[in-house]
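**Student:** So the chains spell out like this:
Protein chains: 2
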Amino acid sequence: MSETVTVRQNTVVAAVIGLGSMGMGMARSMNQAGLDVVGCDITPDAVDRFVANGGRGATTAIEAATDADIVVSVVVNAAQTEAILFGPDGIAGTMKPGAVFISSATMDPAIARDLSRRVEACGHHYLDAPISGGAAKAASGELTIMASGSRQAFELARPALDAMAAKVYELGDAAGAGAAFKMVNQLLAGVHIAAACEAISFAAKQGLDLDKVYEVITASAGNSWMFQNRVPHVLAGDYTPLSTVEIFVKDLGIVQDMARAERYPVPLVAAALQMYLAASGAGMGRDDDASLARIYALLSGAKLPNTSGGSLA
Amino acid sequence: MSETVTVRQNTVVAAVIGLGSMGMGMARSMNQAGLDVVGCDITPDAVDRFVANGGRGATTAIEAATDADIVVSVVVNAAQTEAILFGPDGIAGTMKPGAVFISSATMDPAIARDLSRRVEACGHHYLDAPISGGAAKAASGELTIMASGSRQAFELARPALDAMAAKVYELGDAAGAGAAFKMVNQLLAGVHIAAACEAISFAAKQGLDLDKVYEVITASAGNSWMFQNRVPHVLAGDYTPLSTVEIFVKDLGIVQDMARAERYPVPLVAAALQMYLAASGAGMGRDDDASLARIYALLSGAKLPNTSGGSLA
Chain H
1 MSETVTVRQN
11 TVVAAVIGLG
21 SMGMGMARSM
31 NQAGLDVVGC
41 DITPDAVDRF
51 VANGGRGATT
61 AIEAATDADI
71 VVSVVVNAAQ
81 TEAILFGPDG
91 IAGTMKPGAV
101 FISSATMDPA
111 IARDLSRRVE
121 ACGHHYLDAP
131 ISGGAAKAAS
141 GELTIMASGS
151 RQAFELARPA
161 LDAMAAKVYE
171 LGDAAGAGAA
181 FKMVNQLLAG
191 VHIAAACEAI
201 SFAAKQGLDL
211 DKVYEVITAS
221 AGNSWMFQNR
231 VPHVLAGDYT
241 PLSTVEIFVK
251 DLGIVQDMAR
261 AERYPVPLVA
271 AALQMYLAAS
281 GAGMGRDDDA
291 SLARIYALLS
301 GAKLPNTSGG
311 SLA
Chain B
1 MSETVTVRQN
11 TVVAAVIGLG
21 SMGMGMARSM
31 NQAGLDVVGC
41 DITPDAVDRF
51 VANGGRGATT
61 AIEAATDADI
71 VVSVVVNAAQ
81 TEAILFGPDG
91 IAGTMKPGAV
101 FISSATMDPA
111 IARDLSRRVE
121 ACGHHYLDAP
131 ISGGAAKAAS
141 GELTIMASGS
151 RQAFELARPA
161 LDAMAAKVYE
171 LGDAAGAGAA
181 FKMVNQLLAG
191 VHIAAACEAI
201 SFAAKQGLDL
211 DKVYEVITAS
221 AGNSWMFQNR
231 VPHVLAGDYT
241 PLSTVEIFVK
251 DLGIVQDMAR
261 AERYPVPLVA
271 AALQMYLAAS
281 GAGMGRDDDA
291 SLARIYALLS
301 GAKLPNTSGG
311 SLA
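Chains as they are written, first to last, in our numbering: chain H, 1 to 313; chain B, 1 to 313.
Which residues of chain H face chain B? A few of them, derived with a C-beta cut under 10 angstroms, are: (1) Ala180; (2) Val184; (3) Leu187; (4) Ala189; (5) Glu215; (6) Val216; (7) Trp225; (8) Glu262; (9) Tyr264; (10) Val269; (11) Leu299; (12) Gly301.
Hints in this document: simulated from the structure, not taken from any laboratory.
Please read all numbers here as calculations on a predicted model, not as lab measurements.
Where is the CB? At the ideal position from N, CA and C, for every residue including glycine.
Next comes chain H alone, as it looks inside the complex:
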């Protein structure tokens, strides 16, 4: 290791906390861009795989972050992000002074503002930087990042952002804006997946040729990014999780909580969330989110391709 350290003395050191399908791709993208990347994860196997691919591994977040100029947090939600920073083994007190913490989890903007304030109080910088694009784009370093934070946070984060993203939206000089833009996107994405499933199973219920429905709708005013992306899973009867039902149980839950606090009615989000809850409650929480189509089919007797059919009766 000493040789590597010598060679990389002027190299930016980045820690990635969370080596799931997104974090692994982001860590490798930074590695390939020439950063010295240290990864850690609660699953030792994930760390081993990253090390086998040329990264450095660490067993704890504190160890990973100790020499890092940039810490990229790629965990599931606000609670895990807070635990990484301020939990019993949190890094807020042990990070290198003046380093930047890049937070990529989708969360309520109010929490992003609070975490930013507390991280800055410890002498570090905070970039509110939710990500979009999925595992494939993470692996190729072509994510979309919706970011906000101080000028200095952006400057310090730049080598990581350049390595991970095809597009970085700079959405404001304070934490919260990035999170808020992400929540607007998730509101639409979550409703559109549910609408796509409501529509394709409705077409199945009427006995229409579903491949033809896909062809016509994707060329018509009823199209959405999500209809185009998710309906092929239904047509193939393949619910292998590319993005799970539980993600939108979480994200539409955040939208609903935000909206309730702000006294803003969200009838479409509320209706869609019930369908994600139904899918999760029916045992499909870890399946692909296109599984909502199977719930509509179960509730109506519609026949979808390559599914066992199934019945609630």
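Starting from the structure of chain H, add chain B where the hints point.
**Tutor:** Using the frame of chain H, we list chain B on its own:
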């Protein structure tokens, strides 16, 4: 007129019943393609405008249809379509034997099947042919048509279809399929407009830069054809009707009625329909359908661009 008749002896004669924003464009497109087009409308002024643009006028549907090889019905709904055919002054008994009736109104597929059966019993042909694309595409002869019907109905209708449409989807050999595909499209379109309005006013409630929201979302997974098309109306504060709230009160109402009859639950359609009803009930029924954003703003205090603001209190 006699000279014209002589010149056009081998010309296909088409009647257009209903010269609204769609029908006028369709009639002119057929005229420009060399068909001999007779237009009629309950508004004499519309007929005068069509005649001033080189068409022929008629005062009643019976008069318009009497010599027509093709009758194109461009009215609002199933009830008007049935009245044209089988009402007190209906054309079903007076149409030229063997002519084709092209029905473009959005309607329940079961009604389309019933009308087709009754028209065929009178010795004519019926093409179930809902249209999509809006007034501009109608004027340029570039509509999308979702059609089903017998081979003979398609053959007879071909000169009209070629003149009116950029794309004709041939969706089956019997009436009903065209209507069903259109309803699937309307389900999605209606839900997506409501989702776009729910999202953009939610962004406004949080004080986000709405032009930036539009830029980010249209490049992200939250995008839809309708978000991209309708949100600019909200950003401009311009609710001049390009397509009215009442259209989706009607079309989501049809979807809900179909779904109820089939015992198919449509929670997203149900939620969206309530918002169209709220907009209509608040006096915006004849405004642009992006007016749903104004309802969300009224219900939450969100501030949208160039609106008087308004308050329910």
